[in-house]
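Engineer: Sequence:
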Amino acid sequence: MLCTPRRATLASALALALALPAAAPAATPYAVPTAAVPAPADRPYPGTIALHVDARDVTRKVYRVRETIPVAGPGPLTLLYPRWIPGNHGPSGPIIGVAGLKIEANGQALAWTRDPVDVFAFHVKVPAGVSSLEVHFDFMSAVSPGSGRVLMSPQMLDLPWNTVLLYPAGHFSRDITVAPTLALPPGWPFASALEVAARDGDVVHFRPTPLNTLIDSPLIAGRHFERIDLAPGATVPVHLDVVADRAADLKIPPALLAAHRALVTQALRLFGAQHYRHYDFLLWLSDRLGGQGLEHHQSSEDGTVPGYFTDPGTWTERDLLSHEYTHSWNGKFRRPADLWTPNFNVPMQDTLLWVYEGQTQYWGDVLAARAGLWTKAQARDVFAAAASSMALRTGRRWRSVEDTTAQPIIDKNRILKPDWANWQRGEDYYIEGALTWLDVDARLRQLTRGRKSLNDFARVFFGVDDGRVDTLTYTFDDVVKALDQVAPSDWKRFLQTHIDDVRATPPLGGIERAGWKLVYTDQPNAFLAAAAKRSGTTDYAASIGFGVGKDGTLTDVQWNGPAWQAGLAPGMKLIAIGDHVYSPSVLDEAITAAKGGSAPIMLTVENQGHIDAVAVNDHGGLRYPHLERIPGTPDYLDAILSPLH
7 MLCTPRRATL ASALALALAL PAAAPAATPY AVPTAAVPAP ADRPYPGTIA
57 LHVDARDVTR KVYRVRETIP VAGPGPLTLL YPRWIPGNHG PSGPIIGVAG
107 LKIEANGQAL AWTRDPVDVF AFHVKVPAGV SSLEVHFDFM SAVSPGSGRV
157 LMSPQMLDLP WNTVLLYPAG HFSRDITVAP TLALPPGWPF ASALEVAARD
207 GDVVHFRPTP LNTLIDSPLI AGRHFERIDL APGATVPVHL DVVADRAADL
257 KIPPALLAAH RALVTQALRL FGAQHYRHYD FLLWLSDRLG GQGLEHHQSS
307 EDGTVPGYFT DPGTWTERDL LSHEYTHSWN GKFRRPADLW TPNFNVPMQD
357 TLLWVYEGQT QYWGDVLAAR AGLWTKAQAR DVFAAAASSM ALRTGRRWRS
407 VEDTTAQPII DKNRILKPDW ANWQRGEDYY IEGALTWLDV DARLRQLTRG
457 RKSLNDFARV FFGVDDGRVD TLTYTFDDVV KALDQVAPSD WKRFLQTHID
507 DVRATPPLGG IERAGWKLVY TDQPNAFLAA AAKRSGTTDY AASIGFGVGK
557 DGTLTDVQWN GPAWQAGLAP GMKLIAIGDH VYSPSVLDEA ITAAKGGSAP
607 IMLTVENQGH IDAVAVNDHG GLRYPHLERI PGTPDYLDAI LSPLH
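Letter by letter, the sequence shown follows residues 7 to 651 of the working numbering.
You may find that some hints are simply not true.
With a straight-line Cα cutoff of 20 Å, these simulated PhoX-like cross-link-like pairs (lysine-lysine) come out [what the hints assert, rightly or not]:
no.	residue 1	residue 2
1	LYS382	LYS523
2	LYS108	LYS131
3	LYS556	LYS539
4	LYS458	LYS487
5	LYS579	LYS423
6	LYS423	LYS556
7	LYS498	LYS487
8	LYS579	LYS556
9	LYS458	LYS498
Cβ pair distances, simulated, as ranges [what the hints assert, rightly or not]:
no.	residue 1	residue 2	range
10	THR527	ALA237	22 to 30 Å
11	VAL475	VAL202	13 to 21 Å
12	VAL136	ASP425	22 to 30 Å
13	ILE234	ASP483	37 to 45 Å
14	PRO530	PRO214	52 to 60 Å
15	ILE102	ASP206	16 to 24 Å
Hints listed in this document are in silico derivations from the structure and should not be mistaken for laboratory results. Bear in mind the structure is a predicted one, so any value in this text is a computation, not a measurement. The beta-carbon is built from N, C-alpha and C at its ideal position, and this holds for glycine as well.
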């Protein structure tokens, strides 16, 4: 019997027509030859590219781009849209935002062809007698988080330069010079690590700069702006540049200002060198622009909640700047050799992200405590939450930390979070990487009876060549060599065991070497409680075995845990607990009442239109992670979190 496909509705057909181009001819049974994309060579590109960006249409969230690209003569030319963006660790260039592309020579439109294999490459033939091309296009910022990063609002904008340019293939990015010009909304102040050549009203002309420096130097601007000196009197300036939805959000309490200044002081005492000529924290406080944390060599590109300065409950966000600042040393100055590429369209390899991001995560947490952005008690709750989350990662039975470094390439836009995160694992090289470096720190202290620590590694590895801004790459063997220089040991095998091996064993060695142990009590963890209040998602992973959002939707059901055993899965929605309508307090009461008993916890859930009654056998009560001192052991964790003098 023949089966006919389900007929499309008119609405779905129209939606498809709007979303997709016209139907192409039938595919040929062989690969179609394409023009080759020239490989990058370390040779200067002739002339300077003039880049003009009009950022005034914040209402429609559109950047309008005009480029003048010099050419050496007639013949084929390939222009590239940046694809592999440093810090994103994957092919995340938002080419979907490009529209209205037009290429002209001497006022005449030229035909261009997108490479059918490398869709970030555009081929054009330069006619005789042409000395430059004019390139025009619009870059459309996402208008909502569901469609990408929102870069503009009526109050502020974030300009990553990689979104608004094409550049010629065949050259290292450092060999291509760009002269950028930016038109801003009337009266908007701005901040960037770029050097200003001149300003004509709301049009800013920047000094010509190598392409790799330009893309590493984003810009923020906004109606409500504040610039704060974080290193008064210092030879090398450091500023905190902030834009906000409201002027009131810019008011920073004196104690918090002192903590941000202490962050700069503590970082310099840790690393002992500066690898920037000046540094700008570019920070927006907004619930309209998307959150962000992206490192750059002489700045950071950070977005967080409006109450960052004014709401004490946002303390969980205050490691953002310490993390990104650390990247100026770890990731930008010292960079894994397989993450350095000659231009922005050569693929990166992420194998050492457990150093690049894992150690940065560690130093970000430690510096937040040393600077006073966190108290030591808050930092301990952060470490407890991290240790618990990795201990509960059921996926560690099949997937190594090293394999998680491929995650940014697997999920190229880093927005598709695994529904079963504990079983699938995501970018665990951050948190488990940090726990590994805590273990290294504690082991160094143990081996040397407290005389040496990871502070010494930071000086040896990141503190070299004071004042050098150019990238210095490293390999795994370089990391091992530096650790041996601090305290000889079998560091190679130690790190391979933690990172390369598939280990079901929870990564608690660093916590215990530091004089503490992970325990669970029915008292909330301050970090998890504050995060739940902010996000609306409550973590019951260590007890009944799931997270639950503010509307009752289940998230990340613990694989093979009590809820999983009862048949629950992410995406189901809690309707009732017993005979009571669901609320977090009702669920807390039910979990508490079931502790030590035998009766199951009765849940009513909705699953894609179906209502089911589910009995969950969990009798451990509420369990929240905390750190508890191990009597009779040195308290290395307290030493780690104490300010350097």
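Engineer: The structure should be examined with respect to each hint, and the outcome stated for every one.
Structural biologist: For each hint, the structure was consulted:
1. Taking the CA atoms of LYS382 and LYS523, the gap is about 16 Å. The hint holds against a cut of 20 Å.
2. Distance restraint check for LYS108 and LYS131: the Cα-Cα separation of roughly 13 Å lies within the 20 Å cut-off, and the hinted pair is therefore satisfied.
3. For the given pair, LYS556 sits about 10 Å from LYS539 by alpha-carbon distance, which is consistent with the 20 Å threshold.
4. With a C-alpha separation of about 16 Å, the suggested pairing of LYS458 with LYS487 holds against the 20 Å cut-off.
5. The hinted pair formed by LYS579 and LYS423 meets the criterion: a straight-line CA distance of about 19 Å does not exceed 20 Å.
6. With a C-alpha separation of about 18 Å, the suggested pairing of LYS423 with LYS556 holds against the 20 Å cut-off.
7. For a cut-off of 20 Å, the pair hint linking LYS498 to LYS487 stands: about 9 Å separates their Cα positions.
8. For the hint pairing LYS579 with LYS556, the CA-to-CA distance comes to about 10 Å; that is within 20 Å, so the pair holds.
9. A distance of roughly 19 Å separates the Cα atoms of LYS458 and LYS498; the hinted pair therefore holds under the 20 Å criterion.
10. THR527 and ALA237 have their C-beta atoms about 42 Å apart, which leaves the hinted 22 to 30 Å range violated.
11. Evaluation of the 13 to 21 Å hint for VAL475 and VAL202 yields a pass: the beta carbon distance comes to about 19 Å.
12. Checking the proposed 22 to 30 Å range against VAL136 and ASP425 shows it is violated: the Cβ atoms sit about 53 Å from each other.
13. Between ILE234 and ASP483 the Cβ separation comes to about 41 Å, which falls inside the hinted range of 37 to 45 Å.
14. With their beta carbons about 55 Å apart, PRO530 and PRO214 fall inside the hinted range of 52 to 60 Å.
15. One distance hint, 16 to 24 Å for the beta-carbon pair ILE102 and ASP206, is violated here, with the actual separation near 33 Å.
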